[in-house]
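Okay, here's what each chain looks like letter by letter:
Protein chains: 2
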Amino acid sequence: MEDCKSCTKPGSKTLYRLTNSFPYLLNRVGVQMGELFSRRIAGYGVTLPMYRVMAALWETGDQRLGDLAAMTTIEISTLSRLVGEMKRRGLVTRARLKDNGRTVAINLTPKGRTLVEELIPIAIHFEEVAVRDFASKNISDLKTILAEIYESLKSLEPEIEEANKARKAAKSKA
Amino acid sequence: MEDCKSCTKPGSKTLYRLTNSFPYLLNRVGVQMGELFSRRIAGYGVTLPMYRVMAALWETGDQRLGDLAAMTTIEISTLSRLVGEMKRRGLVTRARLKDNGRTVAINLTPKGRTLVEELIPIAIHFEEVAVRDFASKNISDLKTILAEIYESLKSLEPEIEEANKARKAAKSKA
DNA sequence: GAACAATAATTGCATTTGCAAATATCGGTC
DNA sequence: GACCGATATTTGCAAATGCAATTATTGTTC
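So the protein sequences, as listed, match chains A and B.
Numbering of the first sequence is given in this note's numbering, commencing with residue 128 and proceeding in unit increments.
Numbering of the second sequence is given in this note's numbering, commencing with residue 128 and proceeding in unit increments.
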């Protein structure tokens, strides 16, 4: 077998193709799914972040802004402005709580609810197309796998902080 | 079984949880992977888009800007500016071709090559952590599945254009 | 009940990105 | 060899985003 000039370290055989690594692939596929879905729903006047907010509200009922930020993993300052825009479009309500004026409650309007329900068939269709070819392949539940991967990724967070701290320390010494 | 108030249409049982749909999950997992990886490599002075560019160059050698845009699916105007920044940081070279002054050739510098090779173990580690629990589960090749899903997604593109066109037409009539 | 810490949301600001328009170069045609 | 369409890249501009600072409200302590 011939060495691959680009993918080797000196003296070794082909090692690893970064663009075929699992992290790279998973990221690309996930981002691409988001972009396609985004384009598909654009005609409904909804962006992907708006869709995510509506989906969360649809499933859980009204939420405080901070909780909504946690559920959707949308940064709270971004979400604050996004909800403002969604309110302007009549998709959600936003109101300070009477018993605690610090917090703001967000809820779907009937219009928002109707809209998100219109989008369900699209999600189902995308799901169908994406995993169509695995129905026959005994991949029992790819969704479960993804959910588990999402959990696994959490164990990387402390590692990342530590690694960055270590690198910073090493650098400041140099 | 009790109805789920949030997840039903009137009169029906629990239908579908958008946040547990395959498109939603795949997107979230993929984006999260990217964010974590991005944070992990930040200490090396590299952003995720820069990493993607370096990975592509590392595997294929020098490229014209347009080809690099196609390979990485980074919009060419974004890539143009990104490469400018990477050149300033000494990671890549950028030079107009002598035989065709329209095109620009991008290449890794030794510094860029060294840097991307430093990041390989991180990618391997992330891969390890993410799929650790499936080694025992007879999921022979999750990467292949993802690559196939990426291909499946392509079939959505013409649909999307058509659906948007149809919606536009319906709206202008109304 | 005034002062101060804690919690929740918003705003300011700089960066990144995508689309569209502008620029630069090439290849062919008369 | 000047003109024109095609190709390749860059630039202008507006929108989205994250972090940090600010504002608003509540709870606690003396």
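Wrong hints could be hidden among the right ones.
When chains are identical, the list treats them as one kind, so a pair holds in a single copy or across two.
[Stated by the list, open to error] Using 27 Å as the maximum straight-line C-alpha spacing, the simulated BS3-like pairs for lysine-lysine come out as follows:
| hint | residue 1 | residue 2 |
| --- | --- | --- |
| 1 | K295 | K270 |
| 2 | K214 | K225 |
| 3 | K238 | K225 |
| 4 | K225 | K281 |
| 5 | K295 | K214 |
| 6 | K295 | K281 |
| 7 | K295 | K238 |
| 8 | K281 | K270 |
Quick caveat, the hints were computed from the structure, so don't treat them as lab data.
What are the numbers of the hints that this structure violates, sorted from low to high?
1 and 4
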